[in-house]
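Engineer: Read off the chains here:
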Amino acid sequence: MLARRQWALLLILLVLTLLGFLVSLSSGSAGLGFGEVLQQLLHPDAGLENRILFELRIPRSLAAFVTGALLAMSGVIMQVLLRNPLADPYILGISGGAAVAALAAILFGLGGYWVSEAAFAGALLSILLVFGLARSSHHWSATRLLLTGVVVSAGWGAIINILLTTSSNNSVYSMLFWLMGDLSQSRVGAFSVIALLAGLLLMMYYARALNVLSRGDLQAAALGVPVPRLKLILYFTASLLTASAVTIAGSIGFVGLVTPHMLRMLGARDHRVLLPASVLLGGSFLMIADSIARTIIAPQQLPVGVLTALIGVPAFLLILRHSARHLPE
Amino acid sequence: MTQTSTGTRILRLQDLSLSIGERLLFKQLSLELQAGQCLGILGQNGTGKTTLLHTLMRLRPAPQGRIELCERALEDWPRETLATHLGILFQNHHDVMPATVLEIALMGRHPHLANWQWESREDIAIARDALQALGIASLEKRDVNSLSGGERQRLAIATVLTQRPRLFLLDEPGNHLDIAFQVQSLQLLRAHVQSHQAALCMATHDINLAAAYCDRILLLTGSGEVMVGTAEQVLSCENLSRAYGCDIRRVVVEDGRAVFYPA
Chain A
20 MLARRQWALL LILLVLTLLG FLVSLSSGSA GLGFGEVLQQ LLHPDAGLEN RILFELRIPR
80 SLAAFVTGAL LAMSGVIMQV LLRNPLADPY ILGISGGAAV AALAAILFGL GGYWVSEAAF
140 AGALLSILLV FGLARSSHHW SATRLLLTGV VVSAGWGAII NILLTTSSNN SVYSMLFWLM
200 GDLSQSRVGA FSVIALLAGL LLMMYYARAL NVLSRGDLQA AALGVPVPRL KLILYFTASL
260 LTASAVTIAG SIGFVGLVTP HMLRMLGARD HRVLLPASVL LGGSFLMIAD SIARTIIAPQ
320 QLPVGVLTAL IGVPAFLLIL RHSARHLPE
Chain B
17 MTQTSTGTRI LRLQDLSLSI GERLLFKQLS LELQAGQCLG ILGQNGTGKT TLLHTLMRLR
77 PAPQGRIELC ERALEDWPRE TLATHLGILF QNHHDVMPAT VLEIALMGRH PHLANWQWES
137 REDIAIARDA LQALGIASLE KRDVNSLSGG ERQRLAIATV LTQRPRLFLL DEPGNHLDIA
197 FQVQSLQLLR AHVQSHQAAL CMATHDINLA AAYCDRILLL TGSGEVMVGT AEQVLSCENL
257 SRAYGCDIRR VVVEDGRAVF YPA
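Those sequence lines, one after another, are chains A and B. Using the working numbering, you'd call the opening residue of the first sequence number 20 and step up by one each time. Using the working numbering, you'd call the opening residue of the second sequence number 17 and step up by one each time.
The shape of chain A in the complex, shown without the other chains (with noise of 0.2 angstroms):
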């Protein structure tokens, strides 16, 4: 039985990610606002505005929200893993070996499509080299999980700093850019799409197993749910989340990391509203943020990732400050 608290706060965030999709479509330096943007969604002619809309716009908002809906679902899923309040999507070290790659893409001077194909691949990479490490040894425990993914993620930090301090001027612009996460240059395609409904879809078949699991290994495997099966499809999907997120926009810091812990300040503990409410509220509020660094010093734009912080951190304060009175329904 879902209590009626959950259901509005649901129904909430649904308004919020339509409100979302209207503000982000609505922005940029082109003056089309509200008005025309409804006009050309409701009654679409051939126009200017009309190809703006359809090429530019709507591309940006989709490729803001599945990359935030990405982020928050992987954020989810690495806390339970690794059952760590800090644990964020990129705590494993994907990112960094996304961004090894990607940054030695543009260093050879290679263009959008294949800095995207290279974060991929490093992606791929160090999660299966984490993966290999970490289970060398029979035990697979979230603290050799954590550390193994802490110290790799460390080399590829030590990788992308050799790799800043040795590029041109030139690249090293567009590398900033990559590493602080930039919605800019970046398009969704159906993969992206297609695996957030399919992590999503999964994650709610285990939804409440991810409940047990988060109150300890043992304790779940005494209440029959299979432990290391599980904790193995948890590691890869939320993995391949985050590596389909990075190769869309970099590594946008905050989303995950803070979208799971504000919706379950705001009530949503329970995994099988956690995981739809997650989707929703980094969507959204990745959309909103990138509305935001496209607007606020147009025509130049501020790469999101530090939009993500710049608002994320008053708004977690602010609901970390009223839960700390009492935990909601």
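What the hints contain is simulated information worked out from the structure, not anything from laboratory work. Hints may be right or wrong, so weigh each one.
[Unchecked claim] Just so you have them, the derived chain A footprint on chain B, three or more residues with Cβ under 8 angstroms:
#1 89-99
#2 118-125
[To be verified] Pulled a few chain A residues facing chain B out of the computed Cβ check, cut under 7 angstroms:
#3 R154
#4 A240
#5 A241
#6 L242
#7 R283
We put the beta carbon where it would ideally sit given N, CA and C, even for glycine.
With the hints as your guide, set chain B onto chain A.
Structural biologist: Same frame as chain A, but now just chain B:
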């Protein structure tokens, strides 16, 4: 053994040997537990009380010997169904993520539900009954992290009651509990076991608690030797002094019960 209506066999151990690494804890232990019975597992620290419980819960590699739960070999049980018949109260509880008291208790229903299924009104009623029985119904909406040690322990007992297993494995059920709650919780568990055709094994360091609530006692020495039998057979000053490595005396108090204390 007398033939009574509570003749259902819940647990049977046959020639069970258990070791941790190279160290042999005990060998060739055989015992049976019928519905309605309570087994107390006693022994010094490190003699394998928890290891035995975890082995019965199949949280450790299979030992030598045979374990049968409800007439079926333990290793033949699928993990999901096993959890509907076997419930464990752990010694420690680690709460990292927030959750309400009712949400924790409801986790006891997890093994009874299919993957897409939600807890029914009946499941919620079972959980609320358990919270009520343990006297923490008023804390239903509280965050588990805000509970005192004793309240958390009573919640853990409520969770395993909500699970409604046939065999309860309790690791130090008296942990963090005041004497009144120890008595109340164990009376409750024993009454539940007797009315629901279930059985109970509890590991404890408290000889008197075991003497008061258990009809059968398993005394571990950690050196390969075990003593098993009725409370009267096993709980002698000689056995206890040997097992605990300290002189233990016994007095019989007014109502005829024996009380043990270190000399």
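Engineer: A separate judgement is required for each hint: does it hold in the structure or not?
Structural biologist: Hints versus structure:
{"no.": "1", "hint": "89-99", "result": "holds (count 5)"}
{"no.": "2", "hint": "118-125", "result": "holds (count 4)"}
{"no.": "3", "hint": "R154", "result": "violated (18 angstroms)"}
{"no.": "4", "hint": "A240", "result": "holds (6 angstroms)"}
{"no.": "5", "hint": "A241", "result": "holds (5 angstroms)"}
{"no.": "6", "hint": "L242", "result": "holds (5 angstroms)"}
{"no.": "7", "hint": "R283", "result": "holds (6 angstroms)"}
Comparing the model with each numbered hint stated earlier shows that hint 3 is the single one that does not hold.
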